[in-house]
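Asker: Protein chains in written order, with full-length UniProt numbering: chain A, 1 to 332; chain B, 1 to 332.
In short, the hints are calculated from the structure, not lab data. Among the hints, erroneous ones may be present.
Pairs count within a copy or across copies, as identical chains cannot be separated in the list.
25 Å max Cα-Cα, derived SDA-like pairs, lysine to any residue [unchecked claim]:
{"#": "1", "residue 1": "Lys-116", "residue 2": "Gln-49"}
{"#": "2", "residue 1": "Lys-116", "residue 2": "Asn-302"}
{"#": "3", "residue 1": "Lys-116", "residue 2": "Thr-12"}
{"#": "4", "residue 1": "Lys-116", "residue 2": "Asp-31"}
{"#": "5", "residue 1": "Lys-27", "residue 2": "Val-119"}
{"#": "6", "residue 1": "Lys-116", "residue 2": "Arg-44"}
{"#": "7", "residue 1": "Lys-116", "residue 2": "Ser-23"}
{"#": "8", "residue 1": "Lys-116", "residue 2": "Leu-305"}
{"#": "9", "residue 1": "Lys-182", "residue 2": "Asp-254"}
{"#": "10", "residue 1": "Lys-116", "residue 2": "Glu-96"}
{"#": "11", "residue 1": "Lys-27", "residue 2": "His-113"}
{"#": "12", "residue 1": "Lys-182", "residue 2": "Ser-220"}
{"#": "13", "residue 1": "Lys-182", "residue 2": "Ser-311"}
{"#": "14", "residue 1": "Lys-116", "residue 2": "Ser-93"}
{"#": "15", "residue 1": "Lys-182", "residue 2": "Pro-236"}
{"#": "16", "residue 1": "Lys-116", "residue 2": "Arg-65"}
{"#": "17", "residue 1": "Lys-116", "residue 2": "Arg-42"}
{"#": "18", "residue 1": "Lys-116", "residue 2": "Phe-67"}
Please read these numbers as outputs of a predicted model, since none were measured by experiment.
2 protein chains.
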Amino acid sequence: MASSLRSQPRITDVAALAGVSTSTASKALNDTGQLREETRERVRRAAEQLGFTPDSRGRALSSGRSFTVGLITTDSSGRFSIPIMLGAEDALSAGEMALVLCDTRDDPLREQHYLKSLVSRRVDGIIVTGRRTEPRAPIDVPIPVIYAFSPSTDPDDTSVIVDDHGGAGSAVRHLLSLGRSKIAYVTGPDSHHSARVRAAATIEAAGDAFAGEPLHGEWSERWGRHAVDVLLRAQPAVDAIACGSDQIARGVCDRLRELSRSVPDDIAVTGYDNWSVMALASRPPLTTVDMELEELGRRTANLLLDAIAGSAHPGPMELPTRLITRESTLGT
Amino acid sequence: MASSLRSQPRITDVAALAGVSTSTASKALNDTGQLREETRERVRRAAEQLGFTPDSRGRALSSGRSFTVGLITTDSSGRFSIPIMLGAEDALSAGEMALVLCDTRDDPLREQHYLKSLVSRRVDGIIVTGRRTEPRAPIDVPIPVIYAFSPSTDPDDTSVIVDDHGGAGSAVRHLLSLGRSKIAYVTGPDSHHSARVRAAATIEAAGDAFAGEPLHGEWSERWGRHAVDVLLRAQPAVDAIACGSDQIARGVCDRLRELSRSVPDDIAVTGYDNWSVMALASRPPLTTVDMELEELGRRTANLLLDAIAGSAHPGPMELPTRLITRESTLGT
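Bound-form chain A, shown alone (with noise of 0.2 Å):
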């Protein structure tokens, strides 16, 4: 049956059946005031009988707090802001906090509007996010606010980031422990702040075995296809493929086995995101390196948590990525 048409119970209900006055039975729900505890008890009952359940907004009225944060995020697509979220949200409920989702899509006047809309609905916090690792302008409101996964431009606010140099650091090294000595690298446009850090971090772990020059192309499987014509072309000698995304890297072993060379016996690869419907689906499956975003979001909460308990934590703060090895570098 719908349930919708049956009204909720109210305090008056729960006073009358357990014989009491209102503010005795709100005395005795909000564990204030000079009350018996037997008639505490039989409030408590009478409540639970009738299904009661207090109205938070009081405690949100009388505390100045309204016990929710907002999200803002300008990534419709959601690759990157939705572990993001579900990580914040996580840790927000279990601190009895509402997680309230505003999709700007990359919308100035829509993000100005929900700007507004937050401020006016009292939230105690703002995450802010999206999916791309460029710094962002600030927002401007008079609350504590947190940047995950794509920083402020102002470096005293607080902003929880990814350390790419570290991953792809350690996707070079883990190829470095495997005896490979011509390394290349495939990746997104160098106009990405991501493919260049992430670019610039492989040459330096790669040293000498770094061969030739990064691949700049777009971040799709076709790119990764097309960048090993290219690559076997200029670095005939090539023994490991390090690529800035797990699409890239889908795209460089499907063209290799159409080559009929072998992953990784003659040419290792490396992906990047450890996004499971490239990683796994991959021919083979890819050693990748895995952002944690789900944890960012967790600590993005946390942080904020922190702030609006009045302890700020300002500036960036880097987050390590996790290496996850599979038989794209490993065989079989």
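Given chain A's structure and the hints, the job is docking chain B onto it.
Answerer: Frame of chain A, contents of chain B only:
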């Protein structure tokens, strides 16, 4: 500069700057009471100058509404619930309603906890969604609830669902219109409602053109590749393979290419989902069925707004899918 330390202007600051009493300032900003237009205008200018934002919680308490909707999802991977959520958020934000995200991670205890919390926050309504099209047990709360994608087992509840029967049929009718006369079907586990519904619709729409029996396996590219081998042994003359998902269809295309069978010249292939990372990256790109989940989210939100306003539409409501045609049936 981090702006979290600045305090918010209060209504008393606005009143002082405008040279009026607090109650006059409040009336002016809420457009209530009897005031001269000049006074209202002076208060508005003062509010603007100070960057004062009215506290919407007051509006909420006085109206008895919170202007907030909860979204309960069991789908932590988010493949299906994320577009629904974004569509719902889009429709709700246009009506100044906030969407609170509750990810139960398929844990019934977590769901109970969230329901209590949402009721205690006096949300105006709840959207329930999940990753499967199997009907689910209704939730028991004294506010309007709408089920999206995963319908309620109670036929009197409002459930907004995908017309999977029509969707699967549309792919087959497209194949028939192209002259295909031996159509096979490869899909997910027959324990899944969506796999069974789509298979039945495919058989019905294909009629005499249906080849063999539906092949049930997992929702994966690997199963798609394997199914091709099974199928071509049993039905060597097949000229079309309709698939229950884009992942399966992509695997089918990959295996056919490895066997040097041309898609679509020898065998046309259709997918289901229009999941761009599969449908567009497939070689060739997939003709597929889009479930229009974002639109489903929008419709769900609008039905919930109706229900909150007192006008419920009980019962299931099926929304149409959209056939997207690409090279896997049309060629280049």
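Asker: Does each hint fit the structure? Answer for all of them.
Answerer: Hint check results:
With identical chains, the CA atoms of Lys-116 and Gln-49 are at most 25 Å apart between copies only, with a shortest distance of 15 Å across copies and 41 Å within one. When the C-alpha separation of Lys-116 and Asn-302 is checked against a cutoff of 25 Å, the pair qualifies both within a copy, at 24 Å, and between copies, at 23 Å. Taking the closest pair of Cα atoms, Lys-116 and Thr-12 come within 25 Å of each other only across two copies (20 Å); inside a single copy the shortest separation is 36 Å, beyond that limit. With identical chains, the CA atoms of Lys-116 and Asp-31 are at most 25 Å apart between copies only, with a shortest distance of 19 Å across copies and 35 Å within one.
In this homomeric assembly, Lys-27 and Val-119 come within 25 Å of each other (Cα to Cα) only across copies, at 20 Å, whereas the closest approach inside a single copy is 31 Å. In this homomeric assembly, Lys-116 and Arg-44 come within 25 Å of each other (Cα to Cα) only across copies, at 16 Å, whereas the closest approach inside a single copy is 39 Å. Within a single copy, Lys-116 and Ser-23 get their C-alpha atoms only as close as 36 Å, which misses the 25 Å cut-off; across copies the closest is 23 Å, which meets it. Proximity of Lys-116 and Leu-305 under a CA criterion of 25 Å is satisfied in both settings, with 21 Å inside one chain copy and 22 Å between copies.
With identical chains, the CA atoms of Lys-182 and Asp-254 are at most 25 Å apart within one copy only, with a shortest distance of 20 Å there and 30 Å across copies. For the homomeric pair Lys-116 and Glu-96, the shortest alpha-carbon distances inside one copy (24 Å) and between copies (11 Å) are both at most 25 Å. In this assembly of identical chains, the alpha carbons of Lys-27 and His-113 lie at most 25 Å apart only when taken from different copies (23 Å versus 39 Å within one copy). Taking the closest pair of Cα atoms, Lys-182 and Ser-220 come within 25 Å of each other only inside a single copy of the chain (23 Å); across copies the shortest separation is 34 Å, beyond that limit.
For the identical chains of this complex, Lys-182 and Ser-311 are neighbours neither inside a copy (48 Å) nor across copies (68 Å), given an alpha-carbon limit of 25 Å. In this assembly of identical chains, the alpha carbons of Lys-116 and Ser-93 lie at most 25 Å apart whether taken from the same copy (24 Å) or from different copies (12 Å). Within a single copy, Lys-182 and Pro-236 get their C-alpha atoms as close as 10 Å, which meets the 25 Å cut-off; across copies the closest is 46 Å, which misses it. With identical chains, the CA atoms of Lys-116 and Arg-65 are at most 25 Å apart both within one copy (17 Å) and between copies (19 Å).
For the homomeric pair Lys-116 and Arg-42, the shortest alpha-carbon distance between copies (21 Å) is at most 25 Å, but the shortest distance inside one copy (44 Å) is not. With identical chains, the CA atoms of Lys-116 and Phe-67 are at most 25 Å apart both within one copy (18 Å) and between copies (15 Å).
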